[in-house]
Amino acid sequence: MKKLVKSVSYMATCAMMAMSLAACSEDEPNPAPGVELSEQEKALQLVINDYVDKTVVPTYKGMADASIDLYDACLAMRDAGVGNITPSMVKVACDHWEVARRYWELSEAWLYGPAADYNIDPHIDTWPLDRTAMENLLGNEQQMNNMDEDGVFISTLGESLLGFHAVEYMLYGQDENGIGTGEPRDVSLYTTQELIYLTAVAGDLRNQCIRLEASWAGMDNVTSEKSAILTELELEPTYDYGEMMRNSGTAGSLWVNYLNAVQELIVGAQDISDEVGGLKIGNPTGHGEEDDPDYIESPYSLNSIEDFTDNIKSIQNAYEGYQGGKNGNPATDDYIQAVDHSLSAYVASLSPEADSRVREAIQNAIDAIQQMGEPFAKTARDPAYDSINQNAIAACQEVTDALDEVLNLLSNQ
1 MKKLVKSVSY MATCAMMAMS LAACSEDEPN PAPGVELSEQ EKALQLVIND YVDKTVVPTY
61 KGMADASIDL YDACLAMRDA GVGNITPSMV KVACDHWEVA RRYWELSEAW LYGPAADYNI
121 DPHIDTWPLD RTAMENLLGN EQQMNNMDED GVFISTLGES LLGFHAVEYM LYGQDENGIG
181 TGEPRDVSLY TTQELIYLTA VAGDLRNQCI RLEASWAGMD NVTSEKSAIL TELELEPTYD
241 YGEMMRNSGT AGSLWVNYLN AVQELIVGAQ DISDEVGGLK IGNPTGHGEE DDPDYIESPY
301 SLNSIEDFTD NIKSIQNAYE GYQGGKNGNP ATDDYIQAVD HSLSAYVASL SPEADSRVRE
361 AIQNAIDAIQ QMGEPFAKTA RDPAYDSINQ NAIAACQEVT DALDEVLNLL SNQ
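According to the numbering used here, the sequence shown holds residues 1 to 413 in order.
Rather than coming from a laboratory, the hints here were simulated on the basis of the structure.
Bear in mind that the values here come from a model prediction, so they are computed numbers and not experimental data.
Worth double-checking, as some hints may not be accurate.
To be verified - Simulated crosslink set (EDC-like; lysine to aspartate or glutamate; CA at most 20 Å straight-line):
id, residue 1, residue 2
1, Lys91, Asp72
2, Lys378, Glu183
3, Lys42, Asp53
4, Lys378, Glu360
5, Lys42, Asp291
6, Lys91, Glu183
7, Lys378, Asp291
8, Lys91, Asp291
9, Lys42, Glu176
10, Lys378, Asp292
11, Lys378, Glu159
To be verified - Okay, the calculated beta carbon distance ranges per label pair:
id, residue 1, residue 2, range
12, Gln40, Ser224, 38 to 44 Å
13, Thr192, Ala133, 18 to 24 Å
14, Gln40, Asp334, 54 to 60 Å
15, Asp292, Asp175, 18 to 24 Å
16, Leu138, Ala348, 26 to 32 Å
17, Thr181, Thr86, 35 to 41 Å
18, Asn177, Gln371, 21 to 27 Å
19, Ser188, Ala384, 42 to 48 Å
20, Pro383, Met219, 48 to 54 Å
21, Glu39, Glu234, 42 to 48 Å
22, Thr132, Glu374, 51 to 57 Å
23, Thr86, Arg381, 43 to 49 Å
24, Asp382, Gly158, 29 to 35 Å
25, Gly252, Gly83, 51 to 57 Å
Every residue, glycine too, gets a C-beta built ideally from N, C-alpha and C.
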């Protein structure tokens, strides 16, 4: 079962466009020759510049850096070998997984662009795992012998055997009922085949995270280490999405103007609020698009509610800009930046009521999710939490509805 991705890519309509783009100054709009930007377009250009440079790119950079640390920790476990892995080695890998995971969840308000065009979202974040297929793979000597730590071979496997949740399964313990403990796995349980698989999946995850950063920042703006990995694996992005969004309306951009770019920003935010409420919380609790008790995200690390919270914070970052102490975390404070020109501020200049509704809806959704019972893997079907879970679903729907009002407001200017 794959996670639903509803964002629509503009790739097909723009594949033949030229890729030569002029850089824009943050404070001096640079329209196409002979074209004068409207006042709305000038304001939205500043919003988009900050959104790309201070929210999207830093989030992906943080994720890529954390994924490299995660891969290195898994590689250290594999190199140590069965019988030589220490609990602290597994704990280090778990810690890096949690940091990389947090950045990914904080990026899910913009799953359009490369995350969709290169199929990265389902590649690294499909759940639940196909545990039967995994055991068959681990028992297949020929496949295991062909697997390498860079993830070249493993990238051809099905999405339910890859990504964050495959690494999570290998790093975290389970109780006698197969439910995650949220604690590092017992070192005595690892086999040689599992260490090979763990490292290969972590390598493949690293590669995809680096590709996301390079796709938005540009290949020239990532480290030589990251560039070399993408070049060796022929994963160089076809487009510089950040440059194209900053240059909306010019030849070669996927966005016809800055309003179009902001509309995609908003729809991306609505997609994840719908997914959190309707799928991530709704499906396991029986109140979503499907009644599926096994559709639980991050069930082994017991990170589900943190995932949901960070998804809504990704909307907050996209709409309001990074809030530091309000929605910050030491793991992300060194990357994601506060903005000078937020969409929230622009909307407030048009309708303070519409802006207040969105900001309050976002915060209410965060608060409602954080009232849910931990761990979600055990409480999702507990009648004692049913009304709380339904409140969280409703709060996510209000985020979507409030953003609809903003879409209408901007379209009517």
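So, going through the hints one by one against the coordinates:
1. Lys91 - Asp72: holds (13 Å)
2. Lys378 - Glu183: OK: lysine 378 and glutamate 183 at ~15 Å, within 20 Å.
3. Lys42 - Asp53: The hint holds at about 17 Å.
4. Lys378 - Glu360: Violated. Lysine 378 to glutamate 360 sits at ~29 Å, over the 20 Å cutoff.
5. Lys42 - Asp291: Since the Cα atoms of lysine 42 and aspartate 291 sit roughly 46 Å apart, the hinted pair is violated (cutoff 20 Å).
6. Lys91 - Glu183: holds (8 Å)
7. Lys378 - Asp291: Measuring from Cα to Cα gives roughly 16 Å; hence the hint holds.
8. Lys91 - Asp291: Violated, at roughly 34 Å.
9. Lys42 - Glu176: Since the Cα atoms of lysine 42 and glutamate 176 sit roughly 59 Å apart, the hinted pair is violated (cutoff 20 Å).
10. Lys378 - Asp292: holds (14 Å)
11. Lys378 - Glu159: violated (25 Å)
12. Gln40 - Ser224: 38 to 44 Å: holds (41 Å)
13. Thr192 - Ala133: 18 to 24 Å: holds (19 Å)
14. Gln40 - Asp334: 54 to 60 Å: violated (34 Å)
15. Asp292 - Asp175: 18 to 24 Å: For aspartate 292 and aspartate 175 the Cβ distance comes to about 21 Å; the hint holds.
16. Leu138 - Ala348: 26 to 32 Å: violated (54 Å)
17. Thr181 - Thr86: 35 to 41 Å: Violated, since threonine 181 and threonine 86 (Cβ atoms, about 18 Å apart) do not stay within the stated range.
18. Asn177 - Gln371: 21 to 27 Å: Holds, since asparagine 177 and glutamine 371 (Cβ atoms, about 26 Å apart) stay within the stated range.
19. Ser188 - Ala384: 42 to 48 Å: Once the Cβ atoms are compared, 36 Å apart, the range 42 to 48 Å for alanine 384 and serine 188 is violated.
20. Pro383 - Met219: 48 to 54 Å: Cβ of proline 383 to Cβ of methionine 219: about 53 Å, so the range 48 to 54 Å holds.
21. Glu39 - Glu234: 42 to 48 Å: holds (44 Å)
22. Thr132 - Glu374: 51 to 57 Å: violated (29 Å)
23. Thr86 - Arg381: 43 to 49 Å: violated (37 Å)
24. Asp382 - Gly158: 29 to 35 Å: holds (32 Å)
25. Gly252 - Gly83: 51 to 57 Å: holds (56 Å)
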